[in-house]
Amino acid sequence: MKSRYRLLLCLLAVSLAANPVFAEELTGTLKKVKETGTITMGIRESSYPLSYLDDKQLPIGYHIDVCDKIVRAVKEKLQLTSLKVQQQPVTSQNRIPLVSNGTVDLECGSTTNNEARQRQVSFVVTTFVTNVRMAVKKASGITSLDQLDGKPVATTSGTTSVQLMRAHEIGKKIDFKEVYGKDHADAFLLLETDRAVAFVMDDNLLAGLIVTSKKPADYAIVGQVLNIEPIAVMVRKDDPQFKKLADDTIKEMMKSGELEKLYARWFMSPIPPKNISMNFPMSETLKELIKNPSDAPAEAFNKKK
Amino acid sequence: MNYHWNWGIFLERIKDGQETYLSWLITGLGWTVSVSLCSWVIAILLGFLIGTLRTAPNRWVARLCTGYVELFRNIPLLVQMFLWFFVVPEFLPRGLSLWVKQEMPAKEFFTATICLGLFTSARIAEQVRAGIQSLSRGQSYAGLAMGLTLPQTYRYVLLPMATRIIFPPLTSEFMNVFKNSSVAFAIGVLELTFQARQMQEDSEQGIETYLAVTLLYFVCAYIANRGMSWIEKRMRVPGYIAAAKKA
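The listed protein sequences correspond, in order, to chains A and B. As numbered in this note's numbering, residues 1 to 305 make up the first sequence, in order. As numbered in this note's numbering, residues 1001 to 1247 make up the second sequence, in order.
Calculated from the structure, these hints are not laboratory results. Values in this document were obtained by computation on a predicted structure and should not be read as measured data. Hints are not guaranteed to be accurate.
[Said to hold, decoys possible] Between beta-carbon pairs, the in silico distance windows are:
| hint | chain 1 | residue 1 | chain 2 | residue 2 | range |
| --- | --- | --- | --- | --- | --- |
| 1 | B | W1005 | A | S256 | 36 to 46 Å |
| 2 | B | E1232 | A | D194 | 45 to 55 Å |
| 3 | A | I170 | B | S1097 | 26 to 36 Å |
| 4 | B | A1106 | A | K251 | 25 to 35 Å |
| 5 | A | D194 | B | R1236 | 52 to 62 Å |
| 6 | A | K151 | B | E1232 | 45 to 55 Å |
| 7 | A | K173 | B | E1232 | 27 to 37 Å |
| 8 | A | T212 | B | W1005 | 39 to 49 Å |
| 9 | B | I1075 | A | A185 | 18 to 28 Å |
| 10 | A | D175 | B | I1075 | 29 to 39 Å |
| 11 | A | P281 | B | L1211 | 38 to 48 Å |
| 12 | A | A217 | B | P1076 | 31 to 41 Å |
| 13 | B | F1218 | A | E260 | 45 to 55 Å |
Glycine is no exception: its CB is placed at the ideal position from the N, C-alpha and C atoms.
Here chain A stands alone, though its shape is the one from the complex (with noise of 0.2 Å):
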């Protein structure tokens, strides 16, 4: 009788290691994925290779891999046996109001994780390094900020890239004029017919920009840095249990050489719709970040000397 006794508390507590959801009352999108069955992906539908639509119109990219990865986990922690995944494609306009307003749960898109955002959502570690830098024509021989003193240089609107080079201690020297495109195609289009001789923005979206071009070989990618920009998945604010569900899946892949796996297979080898690799190696601030998981913000990589 007693050791029957002792076996069903043991059968108990194994249950309750087992079960993480009975042991802790669920909060936040958790809950609510629990009670809806869905979860749904906010996903772009041109952020090359990090998020964007193939052939057939389906997301693909590095970041929906990593949100899979996190779907399968939050599916996992659930104990479902079947989870319906909505994708709701957003702009960089729209992406944080949805994910604050409940439309969306996990953005996987190309989100530079700073302060100002962090006010109105949370990031997971972080996946990815952007460095803001120049697209030009190889034939222009510019290779440093300050040949463009006097000199059209473009950039998208809405974004804030020409700031950052006015901030910059050359920028501050010399004399641009910016020109704007209303997209980053726009924005490359003004580079291509030369109303620019440079364009300012994140080095990976420049990549994706002059592989898709016309004429690559035309293009080079140049000069300074002038800012670090941390790319994660983001989440809503003050959510504690799904953001660490969703930090600890990514911490484990990056543990695991999974994340390097991705990154290779995004990044460095020849991915749809056209089939021709980035050619875009890891960067160093990328390295150190898969070593030791963080969700600092821009302004932690940036400090001002």
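Given chain A, put chain B in place with the hints provided.
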């Protein structure tokens, strides 16, 4: 929705600079008003000219003007902006083309103003034509019978009356110019919509930003409306059209 409200954001400094967000919006408002007023001048001048010529006795002149109206009325404004900005300079001689693309001062402003001016002029031309055609034919016969030449009949008889008739749609058109000027952000004019996008990206206080910008557009359009209705009242001829109703 757990949105972090911050109405003080307008007085805060932008991330990498000295100016405040408010100063961004004020610059934007300045460009919006400049583009709108300049294109309104173009639109009124060309609109009245083309609209009048559409009722001219010479068929070929009238047809040519109809073609003009249809051309600018049937292409979306955004597409027209792109055509003027990206396509037209490619047809210029190489040296001039490069000058337009790189050296020309305020090229975005000029392109946007001309584009919006021509677009609006086609709409005004249509209203002017409708106004003139709504007058009874006796008016122009009477003018000619008094010994006025055809241009004089237009100048002293037809146009003054037609203008009064079409004033309400003209008022709407003037308000539209302010609202349509927002399309100019697409070619890089630093107007209000452009600054709003910039501010929302920099500050992440999108709701406050767009509410403020909405209010500014509303105020612009409303002032335009009041201004036009003031002129309408001043121009009113007692006993003619609506004037009788109010009296």
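A quick look at each hint next to the structure:
| no. | hint | in the structure |
| --- | --- | --- |
| 1 | W1005(B) - S256(A): 36 to 46 Å | holds (42 Å) |
| 2 | E1232(B) - D194(A): 45 to 55 Å | holds (48 Å) |
| 3 | I170(A) - S1097(B): 26 to 36 Å | holds (31 Å) |
| 4 | A1106(B) - K251(A): 25 to 35 Å | violated (52 Å) |
| 5 | D194(A) - R1236(B): 52 to 62 Å | holds (54 Å) |
| 6 | K151(A) - E1232(B): 45 to 55 Å | holds (49 Å) |
| 7 | K173(A) - E1232(B): 27 to 37 Å | violated (55 Å) |
| 8 | T212(A) - W1005(B): 39 to 49 Å | holds (40 Å) |
| 9 | I1075(B) - A185(A): 18 to 28 Å | holds (21 Å) |
| 10 | D175(A) - I1075(B): 29 to 39 Å | holds (37 Å) |
| 11 | P281(A) - L1211(B): 38 to 48 Å | holds (44 Å) |
| 12 | A217(A) - P1076(B): 31 to 41 Å | holds (36 Å) |
| 13 | F1218(B) - E260(A): 45 to 55 Å | holds (53 Å) |
In this structure, the earlier hints numbered 4, 7 are contradicted, and the remaining ones agree with it.
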